[in-house]
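Each chain is listed here by its residues.
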Amino acid sequence: MSFAFNEVAMKEFDIWKKKFPDDPEGRRSLIIPALRLAQRQAGWISPEIAEYVAGITGTAPLQVWSVVTFYSMFNREPVGKNLLQFCTSISCGLLGGEELISHACRKLGIEEGKTTDDGIFTVTEVECLGACGNAPVLQVNDRYHENMTIEKLDALINELRNKEQG
Amino acid sequence: MASITIDGKIIDFSGSPRVIDIALENGIDIPYFCYHPALTISGNCRMCVVEIGTRQYDQKTGEAMKDPDGNDIVSYMSKPQISCSQTAADGMVVRTRSEKIIESRKAVLEFILANHPLDCPVCDQAGECILQDYAFQYGFAKSRFIEQKRTYVRQKISEVMTPEMNRCIHCDRCARFTSEIVHDHSFARTKRGNRLELAAFPGKIITHNYQGNMVDICPVGALTLTDFRFKSRTWFLKFGLTLCASCGKGCNVKVSFKDSRIFRLKPVYNEKVNGYWMCDYGRLRYEFLNTNRRDTHLVKGVKTNLAEAVKTAAEIIRTASSIGVVASAAESCESCDALFNLSANIVQTPHIDYRIEDAQVKNDHSLRREELLLANDPYPNSSGAEKSGLLPGHGGMTALELLADPRKVDLLIVILDDKILEHPDLLQNISGAGNLIIASPFISKWDAAADVSFALKSYTETSGSFINIDGIKQNFEPVMPPHGDAEDTAVIFNKLAGILR
Amino acid sequence: MPEKRIIMDKMEDSRSPLLEFYRSGEGYLALEKALKMQPDEIINEVKESKLRGRGGAGFPVGMKWTFIKRELPGPKYLICNADEGEPGTFKDREILLKKPHMMIEGMIIAAYAMGLDAGYIYVRGEFAEPCGKVDYAIEEAYAAGYLGNNILGSGFSFDLYTYLGAGAYICGEESALLNSLEGKQGMPRLKPPFPAQYGLYGRPTTVNNVESFAAVPPIIINGGKWYADIGTPKSGGTKMFSISGHVARPGVYEIPMGTPWKEFFYDIAGGVKDKKRLKAVIPGGSSTAVLTADEIENMTMDYESCIACGSMLGSGAVIVLDETTDMVKVLHRILKFYANESCGQCTPCREGCDWFFDIINRIYYGQGRMEDLDMFETLGKNISPTTICAFGESFVTPTLSFIRKFRNEFTGYIEKRRAE
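Chains as they are written, first to last, in our numbering: chain A, 1 to 166; chain B, 1 to 501; chain C, 1 to 420.
No lab work stands behind these hints, which were simulated from the structure alone. Careful: at least some of the hints might be erroneous.
Derived lysine to any residue pairs resembling SDA-like cross-links, with alpha carbons at most 25 Å apart [unchecked claim]:
id, chain 1, residue 1, chain 2, residue 2
1, C, Lys133, A, Arg40
2, B, Lys149, C, Asn361
3, C, Lys336, B, Phe145
4, B, Lys100, C, Glu371
5, C, Lys36, C, Leu164
6, B, Lys100, C, Lys336
7, C, Lys184, B, Gly484
8, B, Lys142, C, Asp372
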């Protein structure tokens, strides 16, 4: 089954096209936005999806793949419904970021970088999220959760799990 | 006219050349990995660093200030600059061997060698590896790196190349080559940081016809030519310069050989013909020169010396009522002239023709579709054969007509080159010819049946010239010794002409 | 000196990001005024203001604006660098979330002054929410006639778009940002040529930071001299400082340049958290040298004073380390960050950065040797001068500062061979 943008993604992609010059260089700029739309739809970027993006941007598959592998926000493997990204950089590290991710791994029974069997959670360690004043910071998919504590984390995990299962 | 001073040498220049180009053209050695004159500047290896400075001038008098020893006072930029991206400016002063620069280059080498595997004993590049050369020049016997070296998972990237990406120094020449020269985007940088990996798209392999050049320009043994892998240490090979004869482009090549065996071909720079490159088709097509070589002349399948063979052939020619000559555009201009002289002037037959391939019949001087160098015409000297006049005279039959039914003439003379021998269907009737004289560097099944079969030298064993598809005449000299009694084509035909005059 | 909230004025109001609210103050008055000025006049005001680039390099903004040659044919571009990635920095996020119109207004004025045709706001990929706020503000601005064709009847047209990155600290470097905008890997370019000559798609381009643009409208309304007078002779105006770590009141504070550190830290930010003792401070983000409590004591918050104390103001990201801090662990985490974020293009950084991390990793996990500390020095000396961009310096400088100023902690790890 080959990948293609659904209607929503295609609509957004059309909006992105208007932001850039209508020439090969301008279309190459569409690679990152297109990859983001694809990842939102599919959850991750497979080589097949990269080829699709190459097609709609008029670029070579490897040009797209170079971008996929360079930037840290593109998932090259499927991830859980909730991608828990724990910052452990300096300020978050000083204020308990590492304890938070360890706790998450223990609670969910997985190692860093892995996904729970029910596909609901993936735990990763990320670099500075730019919200250090409210350290420690956790990003779940697109949303920031700041001033995290172990208690808040437990509550959040429960809430997210209930949402998937309920 | 502007001038730049490099290591005390004042060099005039015009335009906006790069400092590295001026230096190299004037015999000043600057080491580099990622720079290549045919590719865009990447500036990532940091090896070509030099010190750039400007003279200090007295504000009032405008005179160059001098130190107590009478030398110009030069103020150098605090950071070394890479000379590959530095455009020369009038009055620039450059130092390429100061202590700071030597230390800088040693540092680059230490960094490269940190993650570079000590593969020299098993690496094809050994002996022609600039990393080895520089490490030797700058004195690296020991590395301070005691950490775990970065490794990559081996991928299949090609049928022509075998990669050893652990050796990669990330100069990016291979990627720049595929995107800028071949326009193919099949090999590029992926990931980032220490994990940066030159790779192909997952599951895909590189298929363009110029991969051997990637092996050539790789400064280390990260990309190796599968055909040459582990075959020989480079220092055991001799080399000679000649041309590739696998198509009408006539790329200049360096032949590496041992005893009488060719091991590989590499391109030699020629601004007008092939630039820095050659195609894989030509590069890998040399084995035909190594195998099935004729080394004696034959009369009715019996070994004989040249004089006897010539005498017998001359007799057959003299008594033949009609003669057809299938010439070869794999022969040099000089051989073609000799054959023309014999066929048109002495024997005066109209049935002379060199055109075997479609491209020759159509007089096609173009390249194959989407190719950089590979021509449609597989013969190296069609233009030369044409210029020598090896075409049918008034009422004469073409080569293809002669081969289709050799009995239309009393005697068929055929030069069996490597290309026509790849078309056995074209030759299937020639043993039915009344009389048959063949000449070839290669053993074939018609040697026994032919009345006379001459053994020819291949073009790598003689001197001569080819005219390529662009009309450029290129001379070549013998690179290897001939096999046994094999003789120069022109010598044989001139001897025949001499007897028959 | 207390805070002086020029950019952060009324930021705490939840209506702060909205056009209506922005206009209820002085919103877009600067643009109206600027469109009636000559472009050179505008550039001169910015020069007079002594506004220095707020992204970290501190390059005078007014001078940068003179690099673009107005007479060159278009398209010419304006880029806002919102790839706030320097660990410890979180001030631009506040502007994107709460004062997007101020940044937008500054960009329009800048584009008018330099004759630029279109602008992109490059927002780091993780800032999806702030980018959404900016998108909404841009819509409002177009609807109000502040963007698009013939802005406020001036004849000047300018289009503005947002662009989201995808997770790469190095894209905060302006030439890497341009490559990323072009859809490529975010690898810095060789310089020269600089963006003013060869920028986005090879066109003339100016790149400035979010806060730099946000500072422009007040400068136009009140004049460059007013702004310069707020700060020190060499650093004009106010700066938004992010302060985090072991501090009682972490957050973003806007204070005049030249405010004494003691006032900023103790009076405004509340001093060390839980009343512990101050051990060290990283004054300008993880790329700057760490200062001991003694070294920073008499510093004033401006570029020159910070240099005089032995570090750099950078993006103004202050990270506070108290007496319980394990400096080896902190350096380990810093080097892990840089090893993850190196683009890998040039030899000294690609090999050297990972090497540095490998060494500190060994030291941290009890496999360190005394010569490792010397290795940092000699390797560091070989990295800084020859990299393509400032990333090399960014990890060498903090490393050397940590091991020189807290050497005993490192030798402690090496001698004890601490087992995990």
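Hints, verified against the model:
Between the alpha carbons of Lys133 of chain C and Arg40 of chain A the distance comes to roughly 20 Å, so the proposed pair stays at or under 25 Å and holds. A distance of roughly 15 Å separates the Cα atoms of Lys149 of chain B and Asn361 of chain C; the hinted pair therefore holds under the 25 Å criterion. In summary, the hint linking Lys336 of chain C to Phe145 of chain B is supported, as the alpha carbons are separated by about 18 Å, within the 25 Å threshold. Note on Lys100 of chain B and Glu371 of chain C: the hinted pairing holds, with a Cα-Cα distance of about 23 Å set against a maximum of 25 Å.
Distance restraint check for Lys36 of chain C and Leu164 of chain C: the Cα-Cα separation of roughly 33 Å exceeds the 25 Å cut-off, and the hinted pair is therefore not satisfied. Using a Cα cut-off of 25 Å, the hinted pair Lys100 of chain B and Lys336 of chain C is violated, with the two alpha carbons roughly 30 Å apart. Using a Cα cut-off of 25 Å, the hinted pair Lys184 of chain C and Gly484 of chain B is violated, with the two alpha carbons roughly 60 Å apart. Simply put, Lys142 of chain B and Asp372 of chain C have alpha-carbon atoms about 16 Å apart, close enough for the 25 Å limit, and the pair holds.
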